[in-house]
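Given chain Z's structure and the hints, the job is docking chain L onto it.
Residue numbers (our numbering), protein chains in the order written: chain Z, 362 to 473; chain L, 135 to 245.
In short, the hints are calculated from the structure, not lab data. Worth double-checking, as some hints may not be accurate.
Think about it this way: if two alpha-carbon atoms lie no more than 30 Å apart in a straight line, the pair counts; the simulated DSS-like pairs of lysine-lysine are [stated by the list, open to error]:
1) L:K160 to Z:K418
2) Z:K418 to L:K204
3) Z:K418 to Z:K370
Some but not every residue of chain L turned toward chain Z, in silico, with C-beta under 10 Å [stated by the list, open to error]:
4) N164
5) Y169
6) I232
None of the values given here were measured: they were computed from a predicted structure. Glycine included, every Cβ here is placed at the ideal spot set by N, Cα and C.
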Amino acid sequence: NAGVTQTPKFQVLKTGQSMTLQCAQDMNHNSMYWYRQDPGMGLRLIYYSASEGTTDKGEVPNGYNVSRLNKREFSLRLESAAPSQTSVYFCASTSAGNQPQHFGDGTRLSIL
Amino acid sequence: SQQGEEDPQALSIQEGENATMNCSYKTSINNLQWYRQNSGRGLVHLILIRSNEREKHSGRLRVTLDTSKKSSSLLITASRAADTASYFCATDASGSYIPTFGRGTSLIVHP
Chain Z
362 NAGVTQTPKF QVLKTGQSMT LQCAQDMNHN SMYWYRQDPG MGLRLIYYSA
412 SEGTTDKGEV PNGYNVSRLN KREFSLRLES AAPSQTSVYF CASTSAGNQP
462 QHFGDGTRLS IL
Chain L
135 SQQGEEDPQA LSIQEGENAT MNCSYKTSIN NLQWYRQNSG RGLVHLILIR
185 SNEREKHSGR LRVTLDTSKK SSSLLITASR AADTASYFCA TDASGSYIPT
235 FGRGTSLIVH P
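Pulled out of the complex, with its shape left as it was, chain Z reads as follows (with noise of 0.2 Å):
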């Protein structure tokens, strides 16, 4: 019952290089979001599928792309790493969009 699982937990980039973030839900969820949390900044949505085939950006979408591979699997990427992307990183799924979200652990990048 893993829920929703995020690879790798930490990674440390230096600038310019790229990344890709994985996200798997084992939930049979429709919706999956990717959002970055900031010290004192709470959570801030980078980009969200509603459904299979769909992506639309969030609050910050600068700097990074997303697939939608299957219902599955969200991933996103850092095509040219910067050190203002250094954050956690979180993967959250539902079924509906008026339904609780379940998160993962989390994936700590570091950007030097």
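Just chain L, lined up with the frame of chain Z:
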């Protein structure tokens, strides 16, 4: 931009006391949710209250919603050291169903 804002930012209490934290928001909502985050972990859903509801209970948790004041409160009764965590409210504006999270309240319960 944050739709919901929690107050206070930090709260420190003794085990056995009650903890109350508040959330204010700016626009009409469909739902308001409360989440807990333990250090180093993801958020865990606590309670969802819909805009036509005024109060909900779950164990030691009580959530109220006042849509006229655009505010909600989360009460944790008889707190325990294990309740130490950050608590977030999330609101989804009418017609949106995309939740927006506040900055959270950091609760420390001293044994």
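Please check whether Y169 of chain L passes as an interface residue: C-beta within 10 Å of a C-beta belonging to chain Z. holds, 8 Å
Regarding the pair K418 of chain Z and K204 of chain L, is the alpha-carbon distance no greater than 30 Å? holds, 27 Å
So, N164 of chain L near chain Z? Judge it on the closest CB pair being under 10 Å. Since the shortest Cβ distance to chain Z is 6 Å, the answer is holds.
Regarding the pair K160 of chain L and K418 of chain Z, is the alpha-carbon distance no greater than 30 Å? holds, 22 Å
Does the alpha-carbon distance linking K418 of chain Z and K370 of chain Z stay inside the 30 Å limit? holds, 24 Å
Hint validation: I232 of chain L versus chain Z, beta carbon distance must be below 10 Å. Holds or violated? Holds: closest Cβ of chain Z sits about 7 Å from I232 of chain L, inside 10 Å.
Every hint, counting from the list given before, is met by this structure.
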